[in-house]
Amino acid sequence: MTELHWLGATELASALDAGEVSAQEVAGALLQRADEVDPSVRAVLTRTDERLLEDARAADRRRAAGALRSPYDGVPVGYKDIFVTRGTVTTAGSRILEGYVPPYDATVVQRCSAAGLPLAHKLNMDEFAMGSSTENSAFMATRNPWDLERVPGGSSGGSAAAVAAGIVPWAWGTDTGGSIRQPASLVGIVGVKPTYGVVSRYGMIAFASSLDQAGPLTRNVRDAAALLEIAGGHDPRDATSIPGPAPRLLDGIDAGIEGLRVGIVAEFMQAEGLAHGVRARVEDAYRRLEKLGAELGEVHLPISLEHGISAYYLIAPAEASANLARYDGVRYGLRVDGEDVVAMTSRTRAAGFGAEVKRRVMLGTYSLSAGYYDAYYGRALRVRTLIKQEFARAFEHVDVIASPTSPTTAFRLGERTADPLAMYLSDLFTVAAPLAGLPAISVPCGLSPDDSLPVGLQLIAPALQESTMLRTAYAFEQDLGFAASPEGRPPL
Amino acid sequence: MPIDRAAVDHVARLARIALTEEERERMQAELSVILAHAERIAALDLDGVEPSAHAIELTDVMRPDEVGECLSRDEALANAPAVEDGRFAVPRIIEDA
Amino acid sequence: MSDAFETTIGLEIHVELATASKMFCSCPVAFGGEPNTRTCPVCLGLPGALPVPNRKAVEYTIRIGLALNCRIAERAGFHRKNYFYPDMPKNYQISQYDEPLCVRGHVDVPTEDGVLRVGITRVHLEEDTGKSVHVGGSGRIADSDRSLEDFNRAGTPLVEIVSEPDIHSAEQARAFVSELRAILASLGVSDVRMEEGSLRVDANVSVRPVGEGEHGAKVEVKNMNSIRSVGRALQYEEARQRDALRRGEMPTQETRHFDERTGRTSAMRTKEFAFDYRYFPEPDLVPLTPSRAWVEEIAARLPELPAARRARFAADYALPAADVAVLTASPEVARWFEEAVAAYGGEPKRIANWVTGDLFGLLNDAGVELTEAKVTPAGLAALVRLVDAGRISGKQAKGVLQAMFDSGAEPEAIVAERGLEQVSDEAALQGAVDEAIAANPDAADKVRAGNLNTIGFLVGQVMRRTGGRADPRVVNELLRRKLVP
Ligand SMILES: [Mg+2]
Ligand SMILES: [Zn+2]
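Quick note, the sequences are listed as chains P, V and D, same order. The opening residue of the first sequence carries number 1 in the numbering used here; numbering runs sequentially from there. The opening residue of the second sequence carries number 1 in the numbering used here; numbering runs sequentially from there. The opening residue of the third sequence carries number 1 in the numbering used here; numbering runs sequentially from there.
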């Protein structure tokens with residue numbers, strides 16, 4: 001049998017059901033794995049060993065009593081440190097929240113706990129989810145398990161690396177401009193950004209409210225569907241939550257893609273900066289989809305490519321500038337003293353925020369300020385409308401849109417930190433889906449022939465068509481066989 | 001348009017971030033580069049295009065006027081940097097925009 | 001010379017809504033309470049918390065808009081108003097900007113010079129801040145050395161009503177606020193207590209020489225904590241600006257604080273810094289599109305408003321304007337009066353006199369609201385009937401009312417307990433009359449001799465012998481029969 005730490009969530013659930021292993025043994029094996037590899041990967045910000053073991057004990061008791069909370073009762077889950085956890089430190093990767101202990105649980109955490117999922121660690125991230133490499137964490141840089149000299153992507157880099165390294169079987173991340181899909185792509189796992197409003201944002205520390213969406217990072221597509229079923233669905237505490245019950249995503253996931261119309265984004269494939277090895281693997285993936293019965297066609301998203309990054313880097317910082325105003329040294333978090341309240345708050349924020357956060361708060365404040373709103377933020381919201389319209393036109397002809405997730409494989413630590421714009425271009429293919437609110441997934445399509453690092457295929461579906469998207473990804477994943485084979489695991 | 005030093009200072013004050021001399025300089029350069037890229041959207045014809053503040057269209061989401069549970073005072077104050085008389089203490093307030 | 005200036009006043013009025021729960025969370029709305037005991041992640045602005053609007057607050061805002069003759073928006077939305085202040089948990093206020101719920105209305109204000117129509121620019125919904133206590137120095141913000149924040153009030157639904165600059169004197173402003181308060185009270189949407197801050201008035205005042213097209217500098221006046229102080233503050237401010245203009249000085253655009261004790265306004269310590277609120281659509285909330293059906297339903301349930309009530313009181317109860325004004329000042333008083341009139345069944349003016357005179361006197365002395373008083377409408381009606389029936393005198397009734405006010409007892413019970421009921425039975429009084437004549441032969445002789453003024457002295461003697469219970473009219477009659485030939 002494969003070592004416990006390499007099992008996916010569904011496989012662990014089967015092992016628990018079969019009585020081959022207890023939840024406590026699973027938890028113990030994962031903790032041991034964390035001891036072994038996390039000192040080099042550095043995915044975990046706050047270890048929750050005690051809580052994990054306690055939760056696992058409770059899961060075993062429920063199993064003994066025949067009172068399981070869900071089919072995944074006893075399968076531990078990790079959380080990006082952006083989800084607030086009652087009684088457990090939550091920092092969003094920021095110095096300004098160092099030591100902050102929330103008095104409540106995020107809805108996602110609440111629902112996973114209600115399903116019996118033991119809480120396995122708070123995972124590293126770019127500060128307030130601002131970044132594409134997890135180098136912007138105030139506490140440490142997470143490494144890519146495939147090459148410790150490289151970044152795992154970001155901002156959910158800790159979640160991605162933890163899943164890829166076998167520290168947790170699955171984890172929650174958040175995606176604002178690509179923060180789930182890009183790290184999933186760079187570490188060779190599955191990452192899903194659902195339709196905006198499918199997963200509650202309550203208790204998820206806000207970066208850019210109109211874009212932020214939580215989603216799973218998993219070893220395979222089925223696990224991603226399962227985690228969404230557990231925590232998705234309407235939440236009355238989030239006014240932007242889509243009404244209706246949790247989506248049914250596992251039903252029919254293996255129905256195949258015969259006759260499915262897949263649109264290749266012409267502009268993305270011609271983009272300057274698309275790495276040769278990424279292009280090669282993604283083109284293989286397109287052929288594989290065709291082989292599986294899909295009809296390939298071309299779609300055009302010129303505005304998304306040309307202006308998506310611009311719109312994104314105007315809208316997200318503007319919203320962030322307001323969302324981060326609450327970190328003022330008054331009610332919680334860091335305080336640096338000052339002679340009056342303005343000095344206190346200004347010094348607190350100077351000391352508590354990292355360079356990238358300051359940059360974006362400044363950028364957002366500027367683009368909202370008197371005289372600039374119309375040219376920047378107001379205009380970006382209208383570009384957003386064009387991007388929505390562009391997708392709507394494309395989906396008149398296709399069921400799913402396919403592209404590379406990231407233009408490159410994992411880059412080296414420090415490679416892009418000096419040049420914010422270069423870092424922003426990591427999101428070139430991923431920013432459009434959140435701007436339009438659409439669901440998107442990154443699914444591994446093998447290793448780049450250039451550097452033997454993972455490459456991700458991105459699939460985007462119309463709003464609330466997660467099932468089509470997951471069915472496509474599942475068919476592809478099963479046929480490729482990468483995720484299930486030792487080749488799909490980092491040499492760690 | 002490149003952002004000047006006065007604009008950096010004005011924005012830093014609005015955003016309540018005390019910048020060092022070096023940060024002010026770097027911020028001016030970096031914001032200029034990012035805004036220059038963002039200004040590409042000026043080229044788009046947006047006549048008659050409505051803004052999208054949201055990705056997904058929902059309307060009229062409201063809650064019933066019902067009272068629920070509050071945090072205890074200890075919970076509310078637990079993370080406060082300074083507390084006095086059951087309240088959050090702050091240095092003296094000066095009126096400023 | 002004073003005729004050579006004209007004053008323009010626009011008012012901005014904030015009204016705390018009396019919903020059960022806060023605007024965006026389920027914490028209770030209540031005045032006072034131990035600091036920071038009515039907060040939650042949402043109204044404390046904790047990381048991750050999200051707002052969800054209170055439907056009742058939206059309904060109340062529409063109700064206010066309808067009562068102020070506004071157009072109700074088909075599409076409204078919330079914006080974030082960004083500025084840092086330690087009493088504001090998120091350092092932005094969720095408010096409404098270019099899509100308010102209600103626009104373009106008016107209020108017809110009764111004034112001594114007839115009806116003044118004041119335009120309403122907009123009525124919008126937002127959230128209140130917490131409360132700061134300033135510590136050190138005199139306790140005022142200016143010389144304090146630190147402040148303490150209580151967030152119990154943070155997130156209370158707040159309606160902002162903005163008037164057009166249609167007001168041209170302090171007295172008109174006072175009348176407008178008074179009428180607006182009466183309307184809001186009728187609607188039952190707020191406690192409208194200025195002293196407790198549930199109704200807050202800010203004014204923009206500018207004075208300019210008559211005929212000059214340009215408006216003068218706008219001066220914002222804050223901290224007027226009663227309707228009376230609205231009149232006082234604006235009167236002061238009007239005069240101050242007029243005097244400045246006479247001296248050839250231009251008043252500066254600034255915010256001034258009204259001091260209740262001195263009756264003066266003084267410039268607040270604000271830095272010269274244009275506010276830049278960076279409004280943008282609140283991404284955590286979605287648009288409101290009040291349906292026509294909902295608006296019509298709210299309109300159908302609008303209660304009688306003060307103007308209509310005043311007209312009805314004047315017509316139905318035949319009351320003079322002064323009584324009408326007092327009795328319709330609040331819906332509670334009006335309702336109380338109408339219940340008393342109904343229970344009484346006689347001339348409404350009789351009840352009006354008792355309410356506006358003795359009863360209000362007692363309430364004022366005790367500092368009690370009519371609704372909290374122990375005297376009931378039925379009780380007052382019964383009391384007046386006792387007087388009408390001659391069972392007690394008007395003077396005794398005042399004492400009975402005081403007792404009713406103190407103890408809440410029924411007037412009949414008080415009369416019985418105090419043995420106040422008048423004795424008008426001739427046979428019962430005969431003995432006392434005879435005794436009085438026997439004990440005062442000189443007085444009796446004077447009456448017999450035709451000096452009828454002295455009869456009053458003998459009546460008083462009988463009253464003393466009966467402990468004041470004798471009906472003086474009957475006693476008078478008996479004495480005349482005995483002594484006057
Ligand atoms: Mg306001
Ligand atoms: Zn609350």
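The set of hints was computed from the structure by calculation and includes no laboratory data. The model shown is predicted, which means the values in this text are computed figures rather than measured ones. Just so it is clear, CB atoms sit at the ideal spot from N, CA and C, and this is done for glycine as well. One should not assume that every hint holds.
Which residues of chain V face chain P? A few of them, derived with a C-beta cut under 10 angstroms, are [what the hints assert, rightly or not]: (1) Arg5; (2) Leu14; (3) Ala53; (4) Val67.
Rough simulated footprint, nothing fancy, chain D against chain P, three-plus residues with beta-carbon under 8 angstroms [unchecked claim]: (5) 109–118; (6) 198–204; (7) 238–250; (8) 318–326; (9) 360–371; (10) 395–408.
Chain D is faced by these chain P residues, among others (derived, beta-carbon under 8 angstroms) [claimed, not checked]: (11) Thr2; (12) Gln32; (13) Val101; (14) Tyr104; (15) Thr345; (16) Leu492.
Going through the hints against the structure:
no.	hint	verdict
1	Arg5	13 angstroms, violated
2	Leu14	5 angstroms, holds
3	Ala53	6 angstroms, holds
4	Val67	15 angstroms, violated
5	109–118	violated (count 0)
6	198–204	holds (count 4)
7	238–250	holds (count 3)
8	318–326	holds (count 6)
9	360–371	holds (count 4)
10	395–408	violated (count 0)
11	Thr2	36 angstroms, violated
12	Gln32	32 angstroms, violated
13	Val101	11 angstroms, violated
14	Tyr104	5 angstroms, holds
15	Thr345	6 angstroms, holds
16	Leu492	32 angstroms, violated
The structure fails hints 1, 4, 5, 10, 11, 12, 13, 16 (numbered hints given earlier, in ascending order).
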